[in-house]
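Dock chain B against chain A, hints included.
There are 2 protein chains.
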Amino acid sequence: MIPKAVRIREVGPRDGFQNEPETIATEDKVRLVEMLARTGLRRLEVTSFVRADVVPQLADGREVLERADIPEHVSVSVLVPNMRGLEAALEVREKIDEVNVFLSASETHNRHNVNRSVEESLTGLEHVLARATEEGLRCEGVISTSFGCPYEGYVPFERVFEIAKRLSVSGAVEIGFGDTTGMANPVQVGEFFRRAHEEIVGAELTAHFHDTRGQALANVLAALEVGVDSFESSFGELGGCPVPPGATGNVASEDLVSMLHEMGIETGVDLAKLLDAARAAQEVLGRPLGSHTLVAGPVEWHAERDPFKENPPR
Amino acid sequence: MIPKAVRIREVGPRDGFQNEPETIATEDKVRLVEMLARTGLRRLEVTSFVRADVVPQLADGREVLERADIPEHVSVSVLVPNMRGLEAALEVREKIDEVNVFLSASETHNRHNVNRSVEESLTGLEHVLARATEEGLRCEGVISTSFGCPYEGYVPFERVFEIAKRLSVSGAVEIGFGDTTGMANPVQVGEFFRRAHEEIVGAELTAHFHDTRGQALANVLAALEVGVDSFESSFGELGGCPVPPGATGNVASEDLVSMLHEMGIETGVDLAKLLDAARAAQEVLGRPLGSHTLVAGPVEWHAERDPFKENPPR
Chain A
385 MIPKAVRIRE
395 VGPRDGFQNE
405 PETIATEDKV
415 RLVEMLARTG
425 LRRLEVTSFV
435 RADVVPQLAD
445 GREVLERADI
455 PEHVSVSVLV
465 PNMRGLEAAL
475 EVREKIDEVN
485 VFLSASETHN
495 RHNVNRSVEE
505 SLTGLEHVLA
515 RATEEGLRCE
525 GVISTSFGCP
535 YEGYVPFERV
545 FEIAKRLSVS
555 GAVEIGFGDT
565 TGMANPVQVG
575 EFFRRAHEEI
585 VGAELTAHFH
595 DTRGQALANV
605 LAALEVGVDS
615 FESSFGELGG
625 CPVPPGATGN
635 VASEDLVSML
645 HEMGIETGVD
655 LAKLLDAARA
665 AQEVLGRPLG
675 SHTLVAGPVE
685 WHAERDPFKE
695 NPPR
Chain B
385 MIPKAVRIRE
395 VGPRDGFQNE
405 PETIATEDKV
415 RLVEMLARTG
425 LRRLEVTSFV
435 RADVVPQLAD
445 GREVLERADI
455 PEHVSVSVLV
465 PNMRGLEAAL
475 EVREKIDEVN
485 VFLSASETHN
495 RHNVNRSVEE
505 SLTGLEHVLA
515 RATEEGLRCE
525 GVISTSFGCP
535 YEGYVPFERV
545 FEIAKRLSVS
555 GAVEIGFGDT
565 TGMANPVQVG
575 EFFRRAHEEI
585 VGAELTAHFH
595 DTRGQALANV
605 LAALEVGVDS
615 FESSFGELGG
625 CPVPPGATGN
635 VASEDLVSML
645 HEMGIETGVD
655 LAKLLDAARA
665 AQEVLGRPLG
675 SHTLVAGPVE
685 WHAERDPFKE
695 NPPR
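Read top to bottom, the protein sequences are chains A and B. Position one of the first sequence corresponds to residue 385 (the numbering used here), numbered consecutively onward. Position one of the second sequence corresponds to residue 385 (the numbering used here), numbered consecutively onward.
Keep in mind that the hints were calculated from the coordinates and are not lab data. Quick caveat, the model's predicted, so the values are computed rather than measured. Be careful, since some hints might not be right.
Pairs count within a copy or across copies, as identical chains cannot be separated in the list.
[As the list claims (entries may be wrong)] Result set (SDA-like, lysine to any residue): computed pairs, CA atoms no more than 20 Å apart in a straight line:
| id | residue 1 | residue 2 |
| --- | --- | --- |
| 1 | 693 | 542 |
| 2 | 693 | 536 |
| 3 | 693 | 543 |
| 4 | 693 | 541 |
| 5 | 693 | 535 |
| 6 | 388 | 698 |
| 7 | 388 | 611 |
| 8 | 549 | 585 |
| 9 | 549 | 408 |
| 10 | 657 | 389 |
| 11 | 657 | 668 |
| 12 | 693 | 534 |
Chain A with its partners taken away, still in its complex shape (with noise of 0.2 Å):
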C-alpha cells in the first residue's frame, strides 16, 4: 500500500534562503547547491526569478545557476511568478530542467501575496505554462493554501482541485500542494489526496507540508498511506514563510528522508551527505538550524538488526 520509493524535491535554496533576512554570498549557495546535488536527491530547486526589489536574497540566482556545477541527473527547478520571470530564466534556458508557478487557492491569501485575485493568477499562469512548455520545460504548479488559509480558514477541496485541473490541462505536468502555514492534519490529507487521485488524472500529485504545529511527518504518513509518493522539503528546516513568526516552517529533508528510510522507502538520498549540507548552511547562517536529525543524529541500528528487517510488516 505505503509506496516502496519516493520522489524528493530539495526547495531549501530557493523557499529556505529566501527567508533569510542577511544576504548570502553568491559562493555559499553556489557551494550549498553543489553539495545538496550530490546527495542523492534527484529534483532541486535552485532558485527563483522574481524580481530583485521584491525577493534581494535570490537577485544572483542566473549566476547561481551559471556558476554552480550539477550532475545531469539532477533535475533542476527554477521558480517564475509570471511570463517576465519565466523569460529571465529562458536566458539561462540551459540550465533549467523545470519551471514552478504558483497561487494561493484561497482568494485573500493570493491577493496579499501577489495581489491578484486567484482567476487572474490563473489566467496569466496558463500563458507562463504554455510558453514553458513550447521551450520543453517541465513544468510544476505549486497551490499555496490547499490545506487551509490563515485569513478565509477551510478551503474547499473542491476548489483546490479545480485549481489543479486548470493548470494541469495549461500544461502542468505536476502539481504541488502547499500547506503554507502548517493547517493540514492526517485524517484531511488522506481524504484530500484520495480524492485528488481520482479527480486529477494525469498530473503527478507532490505534497509539500510544514511543521507549524509539529504534524509534518504524520501528514507525510497519511499522505503515503494513500499513495502519495512525491514530496517537497527543506534542508536544516529552511523557510517555508514561518507564521506567527519564530513558527516551524517546510519540513526539514533531513528528518523526511530519515523517517523514509527507517520505514524501508528508498529516496535515493544519502542522508549522512544530506546532513553535512544541513551542517554547512548552519555554518553560512551563523545560526543553529531546527531539524531534529540535525540536532539528534540519524538513528543507528547497530549489527544489521533493526526492527524493519526483523519485524516485517505483515
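Quick look at chain B alone, frame taken from chain A:
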C-alpha cells in the same frame, strides 16, 4: 478503525520537571499541577518517590501532593522505583490513585539507569506491584527503550512483550511502552502494537513517544491506526531525557491534543487551558519551551467550517 476518543496521561510534572536543572519552587509546582488538573485531563503523573539525592528536583513530591487541589475525576499517579518508594508514597495514600513502576527492555540501558539487570528489576517490581495492588492502587508498568536502545540498538519485540506479560501478571493493569530516545518509526510502531494487542491480553497498552527525530506525531498516527487509544505526553514539550543534550524529548501534550482534535478524536482536554498551563510553565522556567502549538497557536477554522466536518473520512 481509528479510535473516536483517547486517554492521555500528562507526565510533565514528573518526567518534565525532573530534567530541569534549576530548582522549581514547590508553590510553582502546585500551581502548574492545579492548572493541568483543570484542563480536562483525566490522568496526571504528579511526582515521583525517588531518593532525594538521586532526583533532588522532586524531593518535595509529598508536599506537592498534599498541597495541590486536584478534582476527583483526575487520576493522580506517582512514579515509584522500588518498594522503598512505594512505602513513601503510601504515607500519602489518600492523595494517590495510581503508581507507575519502570524498567528498560534492554540490559545495558537498565544497567545504566538503575544499576540492575532486567531480571533483577522485574523481580523487585513484582513485589512492588503486588503490594501496590493490595493497597488498592492502580498500577502501570512502563518499559523504556521498547522501540530501540541507544546502547544496544535493536530490541526484539518478543523481549518487550515478555517483560510486559511479567508486569501484567504481577498486577500492572496498564503497560506503557516508552520510545526513550526517539528511535521508533511508524512502520515499526504499527507492527509493534498490532502484535502487542495479540500477545498481551487483558492490560491497557499505552504509547509514550519522544519527538527526538520529529516523528512523534507520525508514530501517534501509526499507533492510532492499529487501535491504540492511550498516550502519554508532557506539556510544554518538557523532559524526556533528551539524548543528545539539546535534542527534543517527550512529545508536547498540546501538539498531541491539537492533532487529535483536528482529526476529530476526543480527548476531553480544553486545548486553550492546556496552552495556558504550558505558557505558565514557560514563565516559571524563564525560557521559551519547544512545543509547536505553543509557538504557532492552535489551528483556528472560521465560521464552523473545517476540513473534518466538510470532508468526513469515508
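Cross-check of the supplied hints:
In this homomeric assembly, residue 693 and residue 542 come within 20 Å of each other (Cα to Cα) only across copies, at 15 Å, whereas the closest approach inside a single copy is 41 Å. In this homomeric assembly, residue 693 and residue 536 come within 20 Å of each other (Cα to Cα) only across copies, at 16 Å, whereas the closest approach inside a single copy is 46 Å. When the C-alpha separation of residue 693 and residue 543 is checked against a cutoff of 20 Å, the pair qualifies only between copies, where the shortest distance is 16 Å, while the shortest distance within a copy is 43 Å. Proximity of residue 693 and residue 541 under a CA criterion of 20 Å is satisfied inter-copy only: 12 Å between copies versus 38 Å inside one chain copy.
Proximity of residue 693 to residue 535 under the C-alpha cut-off of 20 Å is restricted to the inter-copy arrangement: shortest distance 19 Å between copies versus 46 Å within a copy. Proximity of residue 388 and residue 698 under a CA criterion of 20 Å is satisfied intra-copy only: 14 Å inside one chain copy versus 25 Å between copies. For the identical chains of this complex, residue 388 and residue 611 are intra-copy neighbours only, at 10 Å inside a copy versus 24 Å across copies, given an alpha-carbon limit of 20 Å. In the homo-oligomer, the alpha carbons of residue 549 and residue 585 lie at most 20 Å apart inside one protomer (9 Å), although the nearest pairing across protomers, at 50 Å, exceeds that limit.
In the homo-oligomer, the alpha carbons of residue 549 and residue 408 never lie at most 20 Å apart, since the shortest distance is 37 Å inside one protomer and 57 Å across protomers. For the identical chains of this complex, residue 657 and residue 389 are intra-copy neighbours only, at 19 Å inside a copy versus 42 Å across copies, given an alpha-carbon limit of 20 Å. Only within a single protomer do residue 657 and residue 668 lie at most 20 Å apart by alpha-carbon distance; the minimum there is 17 Å, versus 40 Å between protomers. Taking identical chains as interchangeable, the C-alpha atoms of residue 693 and residue 534 lie at most 20 Å apart only when they sit on different chains, with a minimum of 18 Å there against 42 Å within one chain.
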